[in-house]
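Asker: With my numbering, the residue at position 263 of the sequence shown is 268, and numbering never jumps.
What the hints contain is simulated information worked out from the structure, not anything from laboratory work.
Even glycine gets a Cβ: it sits at the ideal position worked out from N, Cα and C.
Check each hint, because a few of them may be wrong.
The calculated label-pair distances, taken between Cβ atoms and stated as ranges, are [unchecked claim]:
#1 K161 to R218: 19 to 25 angstroms
#2 D254 to S305: 16 to 22 angstroms
#3 S192 to D135: 30 to 36 angstroms
#4 V110 to D254: 33 to 39 angstroms
#5 D66 to A132: 39 to 45 angstroms
#6 T103 to S192: 37 to 43 angstroms
With a cut-off of at most 27 angstroms between alpha-carbon atoms, the simulated DSSO-like pairs for lysine-lysine come out as follows [claimed, not checked]:
#7 K87 to K114
#8 K296 to K281
#9 K242 to K296
#10 K281 to K114
#11 K242 to K114
#12 K232 to K297
#13 K161 to K87
#14 K8 to K281
#15 K87 to K8
#16 K7 to K161
#17 K7 to K297
#18 K242 to K281
#19 K242 to K297
#20 K7 to K114
#21 K281 to K7
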Amino acid sequence: MKKLVCAGEILVEIMAERIGQSFLAPGPLVGPFPSGAPAIFIDQAARLGQPAGLIAAVGDDDFGHLNIERLRADGADISAIKVHRGAATGTAFVTYETDGSRHFVYNIKHSAAGLIEIGAEARTLLAGADHFHVMGTSLFSPEVIEVVRTGIEAVKARGGTVSFDPNIRKEMLDLPGVRDALHFVLSMTDIFLPSGPELFIFARATDEESAAREMLDRGISAVVIKKGAQGAVHYEKTGRTASPGFIVDEIDPTGAGDCFAAAFVSFWLRGDAPEKALRIANGCGALAVTKKGPMEGIASLATVEAFLATARTGAPV
6 MKKLVCAGEI LVEIMAERIG QSFLAPGPLV GPFPSGAPAI FIDQAARLGQ
56 PAGLIAAVGD DDFGHLNIER LRADGADISA IKVHRGAATG TAFVTYETDG
106 SRHFVYNIKH SAAGLIEIGA EARTLLAGAD HFHVMGTSLF SPEVIEVVRT
156 GIEAVKARGG TVSFDPNIRK EMLDLPGVRD ALHFVLSMTD IFLPSGPELF
206 IFARATDEES AAREMLDRGI SAVVIKKGAQ GAVHYEKTGR TASPGFIVDE
256 IDPTGAGDCF AAAFVSFWLR GDAPEKALRI ANGCGALAVT KKGPMEGIAS
306 LATVEAFLAT ARTGAPV
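Take these sequences, add in the hints, and give me the full structure.
Answerer: Written as structure tokens, this is what we have:
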């Protein structure tokens, strides 16, 4: 099977225990949980049996080793994750608001995550890669942007493909080099995986189908619009495919989009039809929200298939 590689942040997530709890006062917390969008993506792909590796950096601390061991146990290639002594692993503290929104306090750029580089191990990993996945969250510094650019160019030079999940926070758009990096990545993208309104960051059109067609006209092979619990819609030159989401009890939405993307890309790389790739991806996304912690709901292919055999779908998208 084809090997996919991603580069970016690894961190731990520590969460407020109660909905509506604020960090402006002491309160109970739960965690640490392994996290970081690229790590979630690679872990889910590996659990589905897809060869998958990550270029990243962590501190030589409990948080770093927690993440590495989780990825190793789930079958990911960890050879290009560098461990830095004297640098702390990235962290994200999260509160949940009563309206369903989340508030984050991050330490990523100035953590070990900001020290990732294309060293010998990363070059070896890229030399065997068929596909490179980009997370918009990872474009948080010029140094990391250069790592992502190098990864894309190495895989494309070998005839490989690229997927792009913008997953971009508004405050990141004004960081040095981010807008240029986003447009470079998009110009190299084969599979574009925006969530809802993210599609319109890059398109002039104001309706979904026209915006998706605009992306396809730029040379992108497939546009997959993630709609959370409502499911997803796939566009390609030959048509549109919609797939409804599944009804589950949501505990924690963090990481669901990353799990969806990992599943879709994995089955796209296997040559499966959009209908199958979307269904499995929606199943992975649904299972991801049923447990607290970004990676705790990640499931194996057997578990996903068992879930799909009895799962109830929501309204059509």
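Asker: Quickly compare the C-alpha distance for K281 and K7 to 27 angstroms and report which way the hint goes.
Answerer: holds, 18 angstroms
Asker: Under the criterion that the straight-line Cα-Cα distance not exceed 27 angstroms, is the pair K8, K281 satisfied?
Answerer: holds, 20 angstroms
Asker: Does 37 to 43 angstroms hold as the CB distance between T103 and S192, or does it fail?
Answerer: holds, 41 angstroms
Asker: Within 33 to 39 angstroms: is that where the Cβ-Cβ distance between V110 and D254 falls?
Answerer: violated, 27 angstroms
Asker: Verify the proposed pairing of K242 with K297, using a straight-line Cα cut of 27 angstroms.
Answerer: Judged against 27 angstroms, a Cα distance of about 38 angstroms means the pair is violated.
Asker: Against the 27 angstroms threshold, does the CA-CA distance of K7 and K297 hold or violate the hint?
Answerer: Between K7 and K297 the Cα gap is close to 31 angstroms, so the pair fails against 27 angstroms, i.e. violated.
Asker: Is the straight-line distance between the alpha-carbon of K281 and that of K114 27 angstroms or less?
Answerer: This hinted pair is violated, its Cα atoms lying about 37 angstroms apart.
Asker: Taking only the CA atoms, is the gap from K87 to K114 under or equal to 27 angstroms?
Answerer: holds, 16 angstroms
Asker: Can the restraint linking K242 and K296 be considered satisfied, given a maximum Cα separation of 27 angstroms?
Answerer: Cα-Cα ~37 angstroms, so violated.
Asker: For the pair D66 and A132, does the Cβ-Cβ distance stay inside 39 to 45 angstroms?
Answerer: For D66 and A132 the Cβ distance comes to about 30 angstroms; the hint is violated.
Asker: Mind checking the hinted window 30 to 36 angstroms against the Cβ distance between S192 and D135?
Answerer: violated, 20 angstroms
Asker: Has the given pair, K296 with K281, been kept, meaning a C-alpha gap of at most 27 angstroms?
Answerer: holds, 24 angstroms
Violation of the numbered hints given earlier is confined to hints 3, 4, 5, 9, 10, 11, 17, 19 and 20; the remaining hints are satisfied by the structure.
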